[in-house]
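A.B. asks: In the order they appear, the protein sequences are chains V and X.
Numbered per this note's numbering, the first sequence finishes at 1098, counting up by one with no gaps.
Numbered per this note's numbering, the second sequence finishes at 711, counting up by one with no gaps.
Any given hint could turn out to be false.
Claimed, not checked - Okay, the calculated bits of chain X under chain V, using three or more residues with CB under 8 Å as the criterion:
#, region
1, 500-510
2, 672-681
3, 689-701
Claimed, not checked - Per the computed footprint, the stretches of chain V lying under chain X, defined by three or more beta-carbons under 8 Å from a beta-carbon of chain X, are:
#, region
4, 1070-1079
5, 1084-1092
Calculated directly from the structure, the hints in this document are not laboratory data.
Note that the structure is predicted; figures quoted are calculated from it, not measured.
We put the CB at the ideal spot given by N, CA and C, even for glycine.
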Amino acid sequence: MRKFAFVFLFMALLCLATPVFAQTTGGAAATSSTNWVAITAGFSMAIASGLCGLAQGRATAGAAEALARNPAARAGIQLALILGLALIESLALYTLVIIFAKVK
Amino acid sequence: MVEQLPFTALLNRLFAGPVTALLHALGFHVENPAAPMSNAFAMEVLVFLLLTLFFVIVRSRLSVEKPGGLQHTMELFHEFVVDQSHEIIGHGSEIFTSFLVTLGLFILGCNLIGLVPEFESPTASPVVPLGCALVAFFYYHYHGFRRQGVGKYLLHFAGPMPVLAPLMIPIEIASHLARVLSLTIRLFANMFAGDMVTLVFFSLVPVAIPVLFLGLHVGVSLLQAYIFVLLTMVYLAGAVAEEH
């Protein structure tokens, strides 16, 4: 029940964003000199790399602990670790590709 | 217009006429008829020629009693792929070995050739990893059809229960197409980012530091070639798996 209270409170807070409707339609960064695309690109890459680092850290920690418990299973653990790390890495790389596709 | 590498210029000088005629006959528009072949394509041709030469030399020097260095290298790679595929795919994985070894050596060669001055990695251009990923995609689907029959293979896209089929089929199609995308982008972005980061550090500190990134490039080349082949094996295992 308390969860619903938080949801409704959040939705009510979103109504504070009404100044958004005062925007004029038009091209991006037509009059302002701030390069929002580059700033967003920097932030998004930082967030992607940070989360990728956290996830790879958890994967490595799990693999190291499993190897410590059962050194005989080294082959399987190593395979799972390498596969997992590469798949997590590729998620951060998708962000990089979008940046290179969108930032001129 | 990107400037041509020496090998690209050589290939264009020798073969520009026939290649342009072939492309026009197939209906493609060529921007520069004197240089129809791009750097990436020329590098791929070079890796292909080097690999063919390597295979021919190994084959001609095969010996049971006194194996030479090249034979040891080839056996190392071959045994590695055989062991991995046996672990992942199970029995009946021997027929895939030749394709997986060739794919792995091609990607490894393409990645590593970027380290040599005056050559660049063809895998740093987005179309080359796309080609490798499409080849792997069609290969594992072909073997899925061959091993399980057309009807049974298509049926397994519907999921474990027939009532779930309208939900499972779009999800399965999307996930299979996402495999091609992820294989492509993983290989391309790793090679491209390696080049970018080397250039950035070269512009900051022109001496000594960029060498570290070339070392990183070697490590990443090996790892990405291994991951590509490993994921192809995993997809093959999924395609040819039989429920016991």
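A.B. asks: Would you mind marking each hint as holding or not holding in the structure?
C.D. replies: Against the structure, the hints come out as follows:
{"no.": "1", "hint": "500-510", "verdict": "violated (count 0)"}
{"no.": "2", "hint": "672-681", "verdict": "violated (count 0)"}
{"no.": "3", "hint": "689-701", "verdict": "holds (count 7)"}
{"no.": "4", "hint": "1070-1079", "verdict": "holds (count 3)"}
{"no.": "5", "hint": "1084-1092", "verdict": "holds (count 5)"}
When the structure is compared with the earlier hints, violations turn up for hints 1 and 2 and for no others.
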